[in-house]
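S.K.: Could you put together the complete structure from these sequences and hints?
Taking our numbering, the leading residue of the sequence shown gets 8, the next gets one more, and so forth.
Only true hints are included.
Simulated restraints, written as ranges between beta carbons of each label pair:
(1) E266 to P107: 27 to 33 Å
(2) S251 to A115: 24 to 30 Å
(3) P265 to S94: 41 to 47 Å
(4) S268 to L13: 42 to 48 Å
(5) M109 to D234: 15 to 21 Å
(6) G142 to Q189: 21 to 27 Å
(7) K71 to D144: 40 to 46 Å
(8) L13 to Q189: 36 to 42 Å
What the hints contain is simulated information worked out from the structure, not anything from laboratory work.
All C-beta atoms, glycine included, are put in the ideal place defined by N, C-alpha and C.
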Amino acid sequence: MGNKILYVILFIWVKIHALLPMPVLYVLSDVLYFIIYHIIRYRREVVRINMKNSFPDKPGELHKLERRFYRHFADYIVETIKLAGISQKELLRRAHLNNPEMIKPLLARGHTCMMLVMGHYGNWEWFTGFPVCFGGDVQVHQIYRPLTNKAFDRLFIYLRTRFQALCVKKNEVVRDIVRLKQAKTPGLVVFITDQTPSKANIHYWSRFLNQESAILTGPERLARKFDIPVIFVDVRKIKRGYYSVDFQLMTDNPKGTPEFSITEDYVRRMEKSILRDPAFWLWSHKRWKHQPG
8 MGNKILYVIL FIWVKIHALL PMPVLYVLSD VLYFIIYHII RYRREVVRIN MKNSFPDKPG
68 ELHKLERRFY RHFADYIVET IKLAGISQKE LLRRAHLNNP EMIKPLLARG HTCMMLVMGH
128 YGNWEWFTGF PVCFGGDVQV HQIYRPLTNK AFDRLFIYLR TRFQALCVKK NEVVRDIVRL
188 KQAKTPGLVV FITDQTPSKA NIHYWSRFLN QESAILTGPE RLARKFDIPV IFVDVRKIKR
248 GYYSVDFQLM TDNPKGTPEF SITEDYVRRM EKSILRDPAF WLWSHKRWKH QPG
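M.R.: This is the structure we're talking about:
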C-alpha cells in the first residue's frame, strides 16, 4: 500500500510540474543545481575521483567541468520530468534523430531485429520518442534494470513508454529477442552499455577514459548468438534542451567478427562521444568499482 500511495503522489507531482514551460523548468533547474551541488553535495567525491582519474593532465579544468556536469545533471532531472507532459512533436524537435533511414537497408536484407548501444550521455530518457521516427513500423525495446523502489520504478516505466517504446527487464532480454525474431517484427533493442558489470560477469577489460575498465559484454554475446546488427547511438547536446543523435553501423555481421571486437569498438566510440564534451556524461555513476586482478 505504501508504494501505491507514493506512486500516486509522485505521479501527480510530476504531472503538475510537466505542465510548466521549458524556460520555467530551467529556472527550477538552476535552483536545483544549487541544492544538489552546494547543499546536498550529491556524490561530489565520486564525481571528483572519476574526473581526476580520467583527466590527470587537466587539473586546472576539473572544477569548471564538475560544475558544468552538475548543471547538466539538474537539467536532466527537469527534462525527464517534462516527459510526463511534453508533446510528441516537441520531443522530436528537441531530441532529433538525424538518420532514421539508416536501418532501411538492414530491414531490406531481412534483419528484423537490430541492436542499439548507447551510454549515459546527454539525456538518454528523451530518446524514448524513437518509435515515432519510424512511423510506428518499428518497435523500440528498452532494456532496463528495475529500480529497488517500486513507486519510482513504476513512474519511470510510465515516462519511458509514453511514446510507444516498450520496457524490457534485463533478465527477460533473451526471451524478448527470440520473440522478435520468431515473429519477424521489425524491432530495435536498446542497451545502455557504459555500466559496470557485476564482478561475476567480468569477461573483458579495456582502457577507457585513462583507466582500466571492466566492460559489459552481454550485448556483444547476444548480437553474435542471434546474428543481430549492432548500431552505435552517437548523442550530441546542441544547446540547453536540444539534443541530436546519429546512428552509426558497427557491424551487420556480428558472427563474422573476432571475439570482443564489437565490445572494443563500442568503448572507442563511447569514449570519443564523451571527450567531445565530458560535462554531459553521468560522472556520478560508480563506474570503476572493480580493478583488474
